[in-house]
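Residue numbers 31 to 224, in the numbering used here, belong to the letters of the sequence shown in order.
Bear in mind the hints are in silico, worked out from the structure with no lab data behind them. For each residue, glycine too, the CB sits at the ideal point set by N, CA and C. Take these hints with a grain of salt, some might be off.
Said to hold, decoys possible - Okay, the calculated beta carbon distance ranges per label pair:
| no. | residue 1 | residue 2 | range |
| --- | --- | --- | --- |
| 1 | 128 | 86 | 20 to 26 Å |
| 2 | 135 | 97 | 32 to 38 Å |
| 3 | 152 | 103 | 43 to 49 Å |
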Amino acid sequence: MHDQRNSITMVLLGLVIAVVLIALAGGGELGNPQLSRRFAPQPADPAAPTPQPFELPRVELPQLPPDVQRTVLDLQEQLTGGQAIPALTPIAAGPRVEVRLDEIRRRGDQVIVRGNVRNLGDRILTIAPGAFAFRDSSGARYTTETSGGATLDPGAATAFDFTVPLPAGRGLTLIFELPPDPPLEQVLLLEIIE
């Protein structure tokens, strides 16, 4: 009986050690996303082509029904308090890829955006380092110059963890570009105009 308990204890200890080693090595999506970047606001380049028309993530509170007003204000209060909230557009999909947003959280003057991207196609998909960008409700664009991207087998997904220096009170939209597909746009937060 004593030997059986020792065997079970050793097996459980081995499993715990294996999970920890896999997480530390990045073999799973346990807190070690393949796509992890810090974004920064980019000044407008006068030589750059005119960006496509874009609807700023803003809402005028008095124009919303009362129950929607309460929901919007509750989400804003939760975010300000540091709690995780869902994105307003949690899933966007194109011909080859799906972007799923799991949570948005404010930490000081930073907004943390977590989610995953999945290859919907039947071929290996390469996601370039600059495929993700953000635009806030003032029109400012946030990009990253970090190296590294992701390569996804058909049906595979990888987690992302992005940090955006977003001033309090501004709305935020995620833009994912995978040419020649049209860009995917997801509204994360709204700027509330009272």
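So, going through the hints one by one against the coordinates:
1. 128 to 86: 20 to 26 Å: Taking Cβ atoms as reference, residue 128 and residue 86 lie about 25 Å apart, which means the hint holds.
2. 135 to 97: 32 to 38 Å: violated (25 Å)
3. 152 to 103: 43 to 49 Å: holds (44 Å)
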